[in-house]
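Number of protein chains: 2
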Amino acid sequence: MTERSSGGDARTEATYLIETPQPVERVAEMMAGEQSSGTFVDVPGETDALRERHAARVEATTELETVPEPSLPGSKPPADADADDVTYTRAEVVLSFPLGNTGTSLPNLMTTVAGNLYELQPLSGLRLVDLDLPEAFAAENPGPGFGIEGTRELVDVHDRPIIGTIVKPNVGLSPADTADVLEPVVDAGVDFVKDDELIASPPYSPVEERVEAVMDVIHRHEDETGDRVMYACNITGTVDEMLERHDAVKDAGGNCVMVSLQSVGLAAVQTLREEADLPIHGHRNGWGALSRCPQLGWSYAAYQQFWRLAGVDHLHVSGLRNKFTEADESVIRSAKAVQRPIASPADAAMPVFSSGQWAAQAPDTYEALGNTDCMYLAGGGILGHPDGPEAGVAHLKQGWEAAMKGIPLEEYATDHDALATALDYYDDR
Amino acid sequence: MTERSSGGDARTEATYLIETPQPVERVAEMMAGEQSSGTFVDVPGETDALRERHAARVEATTELETVPEPSLPGSKPPADADADDVTYTRAEVVLSFPLGNTGTSLPNLMTTVAGNLYELQPLSGLRLVDLDLPEAFAAENPGPGFGIEGTRELVDVHDRPIIGTIVKPNVGLSPADTADVLEPVVDAGVDFVKDDELIASPPYSPVEERVEAVMDVIHRHEDETGDRVMYACNITGTVDEMLERHDAVKDAGGNCVMVSLQSVGLAAVQTLREEADLPIHGHRNGWGALSRCPQLGWSYAAYQQFWRLAGVDHLHVSGLRNKFTEADESVIRSAKAVQRPIASPADAAMPVFSSGQWAAQAPDTYEALGNTDCMYLAGGGILGHPDGPEAGVAHLKQGWEAAMKGIPLEEYATDHDALATALDYYDDR
Chain A
1 MTERSSGGDA RTEATYLIET PQPVERVAEM MAGEQSSGTF VDVPGETDAL
51 RERHAARVEA TTELETVPEP SLPGSKPPAD ADADDVTYTR AEVVLSFPLG
101 NTGTSLPNLM TTVAGNLYEL QPLSGLRLVD LDLPEAFAAE NPGPGFGIEG
151 TRELVDVHDR PIIGTIVKPN VGLSPADTAD VLEPVVDAGV DFVKDDELIA
201 SPPYSPVEER VEAVMDVIHR HEDETGDRVM YACNITGTVD EMLERHDAVK
251 DAGGNCVMVS LQSVGLAAVQ TLREEADLPI HGHRNGWGAL SRCPQLGWSY
301 AAYQQFWRLA GVDHLHVSGL RNKFTEADES VIRSAKAVQR PIASPADAAM
351 PVFSSGQWAA QAPDTYEALG NTDCMYLAGG GILGHPDGPE AGVAHLKQGW
401 EAAMKGIPLE EYATDHDALA TALDYYDDR
Chain B
1 MTERSSGGDA RTEATYLIET PQPVERVAEM MAGEQSSGTF VDVPGETDAL
51 RERHAARVEA TTELETVPEP SLPGSKPPAD ADADDVTYTR AEVVLSFPLG
101 NTGTSLPNLM TTVAGNLYEL QPLSGLRLVD LDLPEAFAAE NPGPGFGIEG
151 TRELVDVHDR PIIGTIVKPN VGLSPADTAD VLEPVVDAGV DFVKDDELIA
201 SPPYSPVEER VEAVMDVIHR HEDETGDRVM YACNITGTVD EMLERHDAVK
251 DAGGNCVMVS LQSVGLAAVQ TLREEADLPI HGHRNGWGAL SRCPQLGWSY
301 AAYQQFWRLA GVDHLHVSGL RNKFTEADES VIRSAKAVQR PIASPADAAM
351 PVFSSGQWAA QAPDTYEALG NTDCMYLAGG GILGHPDGPE AGVAHLKQGW
401 EAAMKGIPLE EYATDHDALA TALDYYDDR
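Here the protein sequences line up with chains A and B, keeping their order.
Position 190 of the first sequence, counted from 1, bears residue number 190 in our numbering, the numbering being contiguous throughout.
Position 92 of the second sequence, counted from 1, bears residue number 92 in our numbering, the numbering being contiguous throughout.
Bound-form chain A, shown alone (with noise of 0.2 Å):
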């Protein structure tokens, strides 16, 4: 968080990676003209007054490698240029722009930061990289309602991740029958199940019943053993849906919603923040689609804020080793950026760690991180285990604390039977 000031003035610091066939400065100096004001065309009424007050600037370029191909097709070399001396200059490119020209508004920001730019043509690559944002934006969003302690407190669950599972096999399954799937994971001592992204409440599963059925397992089991079991329930739809099934899930004395951030859109979940009770469990499906390509779109370190100060508590960072396409170290500095204080430690949220996880990961995911701030998910990883979803559930509990104790899993195994035998049986799969 940097205030930089111009005057005394604020401003938004907004770090991007690019690859251009123009000189570099030059490029730099268009992009902010064009997110501050520019057309094609020199036009009467541009005041030099005006642009000295809400001009973006340029605050640092630098250049990195040069490649003989363009990353995105579009791109314009300079005119004068011979086509085949063309080549692609990559730089980083710091901007900033005044507060005064977004207000706090995210949506605004998004719009000033990430808008029109990705088609600027000298750009044959644009991606935004990060954002270093006036203290004003957490003083004046609501950020999480609960982030990484409120949510712990919850499940009164202190010293460890937060061990949690997906509800899989899903699409189709009714109500009844989700409260089924989940009874034994919920009896084996997870402390968070969620829904799949795929079912916010479809007419196979309405939310109100579905809630219904799963609290009641989750209840039972919290009565017998006094131990809290968190469940995210999928309320996605438009915003009046979003609310009522937030009550609902309220008034079955649920503890969680989940909503698929980008299929609602920021807007939504502002409105939602501000009328929920529960915390806001922040799934990112279709975030390859921005981030994928290394040239384009967004880095989490940047996307996730925006998330965070409009109230989500739990954000989705994939996992080490991963059954997708994201690299180890894209996925730790994503956990690592939704953990760092905006403003201050309150605004954190908790990272979300899933696909394709088992005690294997442990080790290295709490070497990376520094610390069990984090939920861990697991799939096949609890309810594959071949002896049981109990025996899932213990697995990644002692790969944990085998991983926080520094004492390797094969050792830790030696004594830990639920360890043991998923070393045994996911190491060949």
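Treat the hints as calculated values from the structure; they're not laboratory data.
Treat the hints with care, as some may be off.
Copies of the same chain look alike in the list, so a pair counts if it works inside one copy or between any two.
Cross-link-like lysine-lysine pairs, in silico, DSBU-like; alpha carbons within 35 Å at most [to be verified]:
| # | residue 1 | residue 2 |
| --- | --- | --- |
| 1 | Lys250 | Lys336 |
| 2 | Lys405 | Lys250 |
| 3 | Lys336 | Lys405 |
| 4 | Lys76 | Lys250 |
| 5 | Lys250 | Lys323 |
| 6 | Lys405 | Lys323 |
| 7 | Lys323 | Lys76 |
| 8 | Lys405 | Lys76 |
Given chain A, work out where chain B should sit, using these hints.
Relative to chain A, chain B alone:
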């Protein structure tokens, strides 16, 4: 719009362009599995009956070219492949999803057709290129409240494009200054003016004050000439802010609201449509991040359907020979897609051409589109005309007259001065 049936059930068809080092047919099956029911280990409970009723289905696969290098990082070749021998096959894949999986919920449809698919491990490319929706989506979502005909009626322009402009310069302009900049353009005879996407309701120009100032100019002009002018006032913000600003626009006699679609998101636009009495002008800033990599993201043909079903009336499509990076063929495909009925002509929206537009692009735009049901916006093309904005507007109308009559611009310019001046002036720039 397909109504393929499976036991009488309607299905959503989604067409993807994929790239993969693995066998296309197997990858297509994996895509279908991931988006209906799947985990990395088979688990109990997944019955054949559930699969039958709810499984996504591979409807078609068509192999295209093979490339030696992956377009995106992170994909995995088959386990038994010789690393030196791996190639990447591009293919068109059509999947279908039972309507019962999502109901007619647009956010949940988005998660299903464009969610976690983008990061599946066998894929070195995935782009959602088209959607063919069951009629139920159009029946149960509102669609545009005004669309092409409703918009034409509001400005009383029926036989040519709606000619408009953007307030530029803009960032930093007070409401009074905005009105001063717009006054000569309104008096010059435009049908439509819009705010820049960078200005919604910042501290220096609150919507409530800006719309009063601008509508004063427009009302005075309408009183004097009888010509109507539409002003798309940028109300982008939280849901509550947008609804309040919509009402302020309406109270001031305004006749259109503009929203940065991706910055607020789908569910917020759905709420706005439900409450709004004015047309919704949809700005797609940020679209490049989802579309500019040819092997990733979305095609506009698929994407724009969500916004139209949600109720957006006007959708930006860039323009021919624009100052950005989009190719002309892509611009025209987008514009045609926006006009193409989903279930009926009433759900068509009006494509908005802009970016570096002047009369020069009118003939090609008209020829490619085959009609004049569009907005045609020029910034510098009006305000920068050497003979002033009246000549700027006149030259655009003359350019479209020439296009509709099939007369070359140069010929038409011989007795149309504004066009003649523009041809001399802009061609050199």
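Outcome of the hint check:
Taking CA atoms no more than 35 Å apart as the test, Lys250 paired with Lys336 passes inside one copy only; the shortest distance there is 31 Å, against 46 Å between copies. Within a single copy, Lys405 and Lys250 get their C-alpha atoms no closer than 38 Å, and across copies no closer than 64 Å, so neither meets the 35 Å cut-off. For the identical chains of this complex, Lys336 and Lys405 are intra-copy neighbours only, at 21 Å inside a copy versus 62 Å across copies, given an alpha-carbon limit of 35 Å. With identical chains, the CA atoms of Lys76 and Lys250 are never at most 35 Å apart, being 55 Å at best within one copy and 43 Å at best between copies.
Taking the shortest alpha-carbon separations for Lys250 and Lys323, only the intra-copy value of 33 Å comes in at or below 35 Å, while the best inter-copy value is 51 Å. For a Cα distance limit of 35 Å, the shortest separation of Lys405 from Lys323 inside one copy, 27 Å, qualifies, whereas the shortest one across copies, 58 Å, does not. Taking CA atoms no more than 35 Å apart as the test, Lys323 paired with Lys76 passes between copies only; the shortest distance there is 10 Å, against 38 Å inside one copy. Taking identical chains as interchangeable, the C-alpha atoms of Lys405 and Lys76 lie at most 35 Å apart only when they sit on different chains, with a minimum of 34 Å there against 56 Å within one chain.
Comparing the model with each earlier hint shows violations of hints 2, 4; every other hint is respected.
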